[in-house]
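For reference, the chains in residue letters:
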Amino acid sequence: MEEKSGRIVVMWGHLLLLAFIAGSILYYWLDARAVSLRPNNLILVQPTAILALLLVLAVVPQCFPRLSEEEIERGTEPLSHFARIGALIASFTAFALSLETIGFDVATWLFMIVGLYICGERRWWLNLIFSTVFTVLLIYGYGAIIPFPFPLSIL
Amino acid sequence: MIEFNDVNAALTLLTSSLDAWIWLIPGLAIGLFFGAMPGISITMAMAIFLPMTMYMDFLPSIIFLTAIYTAAGFGGSVPAVLMNIPGTSSAVATTFDGYPMSRAGRHNEALGVALAASVIGTLFAYILLMFLIAPVSRVVLKLGPLELFAVAVWGMLLLGSLTGRSMSRGLLAGAFGVLVGTMGMNTAGHLRNPLELPWLFDGVPVIPAMMGLLAASQLIGLITTDYLIEDEASRKISLKKIIGGMRLALTHPTIILRGSVIGVLVGTIPGVGSSISNLLSYSETKRNAHDADTFGTGNPKGVIAAESANSSSEGGAMATMLALGIPGGGATAILLAAFAMQNIVGGPSFIANNKDIVYAIIFANFAQAVLLLGIGLGFVYIAGYVVRVPLRYLIPSVLVVSTFGAYAIEGNAAGPITLVVFSVIGWAMVRYGYPVAAAVVGLLLGSLLEQNLIRTNQISGGDFIGYAMERPIALVIFALMAISMALSALAKHRRKSRLANLPDQSM
Amino acid sequence: MNNNFTRRDMLRIASVGAAAATVASPAILRAQSGYPDRPINVVIPFDTGGYNDRLARASAPFLQEALGQPLNMINRGGAGALLGHTFFMQQPDDGYTISCSSFGPYVPLNILTQDAPFTVDDFHMINLPSQDYTLMATAADSDIQDAADVIARLQENPGSLSIGIQPASADLVNLMLLLDAHGIERDAVRLVTYDGGGPARNAAAGGVVDIALVGGQGFLPLREQIRPVLVFDEVDNDDWGGDLITDVSGADAEFVYGSQRGWGVHSSFVEKHPDRYEILLNAIETASKSPEMIESLTNQQLATDWRGPEVSNRALRNTAAVMEQHIDLLAGT
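Chains U, A and S are the protein sequences, given in the same order.
Here my numbering is used: the first residue of the first sequence is 1, the next is one more, and so on.
Here my numbering is used: the first residue of the second sequence is 1, the next is one more, and so on.
Here my numbering is used: the first residue of the third sequence is 1, the next is one more, and so on.
It should be emphasised that the hints constitute simulated quantities derived from the structure, not laboratory data.
Do not rely on the hints blindly, as some may be mistaken.
[To be verified] Cut-off 25 Å, straight-line C-alpha distance, at most; resulting in silico cross-link-like pairs (SDA-like, lysine to any residue):
#: 1; chain 1: S; residue 1: Lys-272; chain 2: S; residue 2: Pro-36
#: 2; chain 1: A; residue 1: Lys-142; chain 2: S; residue 2: Pro-36
#: 3; chain 1: A; residue 1: Lys-142; chain 2: S; residue 2: Asp-141
#: 4; chain 1: A; residue 1: Lys-142; chain 2: S; residue 2: Lys-272
#: 5; chain 1: A; residue 1: Lys-142; chain 2: S; residue 2: Gly-196
#: 6; chain 1: A; residue 1: Lys-240; chain 2: S; residue 2: Pro-36
[What the hints assert, rightly or not] Computed list of chain S residues with no C-beta within reach of chain A, every gap over 10 Å:
#: 7; residue: Met-89
#: 8; residue: Pro-129
#: 9; residue: Glu-156
#: 10; residue: Glu-185
#: 11; residue: Gly-207
[Said to hold, decoys possible] Some, not all, of what chain S presents toward chain A, calculated at C-beta under 7 Å:
#: 12; residue: Ala-79
#: 13; residue: Thr-119
#: 14; residue: Val-192
#: 15; residue: Asn-202
For each residue, glycine too, the CB sits at the ideal point set by N, CA and C.
Isolated chain U (complex conformation) (with noise of 0.2 Å):
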């Protein structure tokens, strides 16, 4: 097992993410501890955040593979998928945060033509009949079923 050959690879995006939960459960955790000492506070809380920072620890090592050049090579994305998913994730969080302000109308109407064109869909013209008809079946539709109004601006 020990010849294993190749190289060690740092794994920056796991990293990230192990970083992420791990400050976020440490920082519960500590605020947890602001609120009260008292075990109607802590007796759950308090014992799985320790555990789970320990696993945290225990998985650190994971970032850290040896793998050989042609597991590196597979393992490769081109960085157009990575564009291609930032910017999705980036329209999705731009649509959320917009919805009340600007309307769910224009809000979706918007999301879906941009979205449409990161998914892949480059003919315009099918692009706008498609989010148009879309947004304004769905508003309608939505706005029948649920017991509450929708902000919107056009609509």
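Add chains A and S to chain U, keeping to what the hints say.
Only chains A and S this time, still in chain U's reference frame:
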């Protein structure tokens, strides 16, 4: 137990006004549609149609509302299977194997399996209910925090089988989920709100978080793929295969029976119900299966286990409602309100005085289950077309619909924001080999665990063992749990040694 | 990303979309005439299925008849009604958004414990038909006899009984006032905390806790499974037959009412639109007094009494004042 005079009276009641039955099909259709829309809860659907029933007679109104209830329970499994979206927490375990089946081109089968398991689960549940109503009224209220803690721990055992290839990452995901699940005001009035956001007073919105972790994260990762099912030939919608799936469900009566019993029993507990029962049933089925390794990669048994349990929980909740007049959740609260509108008040005296109505409700549900089979078949046939939509259209559309659902369920932007945050976390977790399902299970069970641990501590004054000795039901649950684990370990051991003794094996 | 997609294109697309949307839109502006000339929204700061939701939905047909316009129910549950009350306050004060809520004790609690962005004076009560009270109850088969028995046991050993209760509630305030009145140490009692009235009541009925203090009206469906011990009110409106707090702690016993539920509006609406307010007030009064509504709501164990703005506003403000005095009890246990 079953009084035949009352059964006769019930049948007379049901056949006397045949116009009551015209409400059955609209009720089922409404339920399926609303149930399948992410973010529209069963309670919401029933609340919207409650005012309509005011102008109906008792029987049609109850048939109508229970039809919505029954069908919405199944409706939630459709997006769970096709797109990994658990529109309600009761369909979480359905996604574990239902969605992988769809990705592999077995969507027809998966939907058929889910439909048949649901229908049979509902039927079983109402048969059991006839025998259960009396004992339920004696036992349910006596369930205390230790018993519920035991149920929650049982659910947590599922983490063990969801860990995937790395035990430490699986447990970390589970612990992370539990901690997220405990955020907000806890049962003793301590507010853990690290981000100081008013909408986190009640904790992280669970359903948007689940939709993000399970569904949106998947969709984002699929951006470089063209279709949900990559093999074009497999994208067909085939009635024959759906029916084949239904037949497949019938070949696993033990799983359905186990799921139904778990579903009914857990369903009777107010406030627990179908969101936990589907996890328990899945966990038990996986642990007892000889092909446990293939669970989570598209094993129909997982779908059967989840669906038989979540649909039968409805019968359990109904038992509690009828026997005690206590709503186990929002849906039964609406039913009680509908009863009240017709001058009928649930509770022990209700059953004693109105056995004919109780049996009429049970029989009406049998009819619903049978009809659901037909209407559901048509519904899943149409819904199945989702797999033929190119992902470049499906991804943004489903993200938008999920966002609307997240907004609907929370009533403010908290839902969509939670959805986005957890879809990014979920995407990163999937990418680095963390089982998101484990995080979802932790999220679902976190507050149940905490509440009941705190209450057990409060009631017992810290003396857990002494208190446990006074709680026979809790001891029985813990004992059953231990026996179940021991038996499955034994069975696993036997299988292994049998394999080892096999001559000529090619491994 | 794609340079074919210019800002002008964007504008063109947007205008086409806007035009198409206007054509499709059914929301045609109508001329303003007498109030109300369009549907009225009812904000319920609780989820579907709870008392306020049931009250609003059950009253809706009768109010609609009196107002001549449909009512839209908007459920905004969460954070102990804080989210719903805040949302309600953010809506225009033009009489087209009203609220059905447990204003007492939730509005004072939102203010005292949750830093709410409003004050009690921002709310005007039209009618609070449901005035709940704390009921101390035990399981029907319990060996606890009456309030004197409970007090005697607690005086002997404060930890001898487990007490089911909701944290930061009127019930908790009442329990502490009772303990004070009988010289029982507050910190020594064994509290078992529940997130909602329902679970706490079930715990009492099932004997999971020895006694529970919860809103009394919610106990009505469980009448046969519990034994009422002590009613925290001056009168026994629901015929429990248990002791009254005034019997146990003296005629001047201090206590607070539980949930005070009913219909409220923005205080600024009353000042800005006195004419509209008059119409709304009359409609709610007419509906509340109509025999049909009384029959329908009584069957659903919902309150319809007409108490009017004066009594209702006073009741809410009293609760707020007593809650403020006992703010120390409202933190976690």
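Going through the hints against the structure:
1. At most 25 Å may separate the alpha-carbon atoms for a hinted pair to count; Lys-272/S and Pro-36/S meet this at roughly 15 Å.
2. Proposed proximity of Lys-142/A and Pro-36/S is contradicted: the alpha carbons are some 51 Å apart, above 25 Å.
3. With a C-alpha separation of about 12 Å, the suggested pairing of Lys-142/A with Asp-141/S holds against the 25 Å cut-off.
4. The straight-line distance between the Cα atoms of Lys-142/A and Lys-272/S is roughly 54 Å, outside the 25 Å bound, and the hint therefore fails.
5. Of the pairs offered as hints, the one joining Lys-142/A and Gly-196/S holds, with about 17 Å between alpha carbons and a cut-off of 25 Å not exceeded.
6. Only pairs whose Cα atoms come within 25 Å are accepted, and Lys-240/A paired with Pro-36/S is rejected, the gap being roughly 56 Å.
7. Against chain A, the non-interface label of Met-89/S holds: every CB pair exceeds 10 Å, the least being about 13 Å.
8. At roughly 16 Å, the least C-beta separation between Pro-129/S and chain A is larger than 10 Å, which holds for a residue marked as non-interface.
9. Remark: the non-interface label on Glu-156/S is consistent with the geometry, its nearest Cβ contact in chain A lying 16 Å away (cut-off 10 Å).
10. For Glu-185/S, the shortest C-beta to C-beta distance to chain A comes to about 15 Å, beyond the 10 Å cut-off, and the non-interface label holds.
11. A Cβ of chain A approaches the Cβ of Gly-207/S within 10 Å, the least distance being about 6 Å, so the stated non-interface status is violated.
12. Because the beta carbon of Ala-79/S sits about 3 Å from the nearest beta carbon in chain A, less than 7 Å, this interface hint is met.
13. Checking Thr-119/S against chain A: minimum C-beta separation of about 17 Å lies over 7 Å; hint violated.
14. Hint status for Val-192/S relative to chain A: holds, with the closest Cβ pair at about 4 Å, below 7 Å.
15. Because the smallest distance between the Cβ of Asn-202/S and any Cβ of chain A comes to about 5 Å, under 7 Å, the interface hint for this residue holds.
Hints 2, 4, 6, 11, 13 from the earlier list are contradicted by this structure; the remaining hints agree with it.
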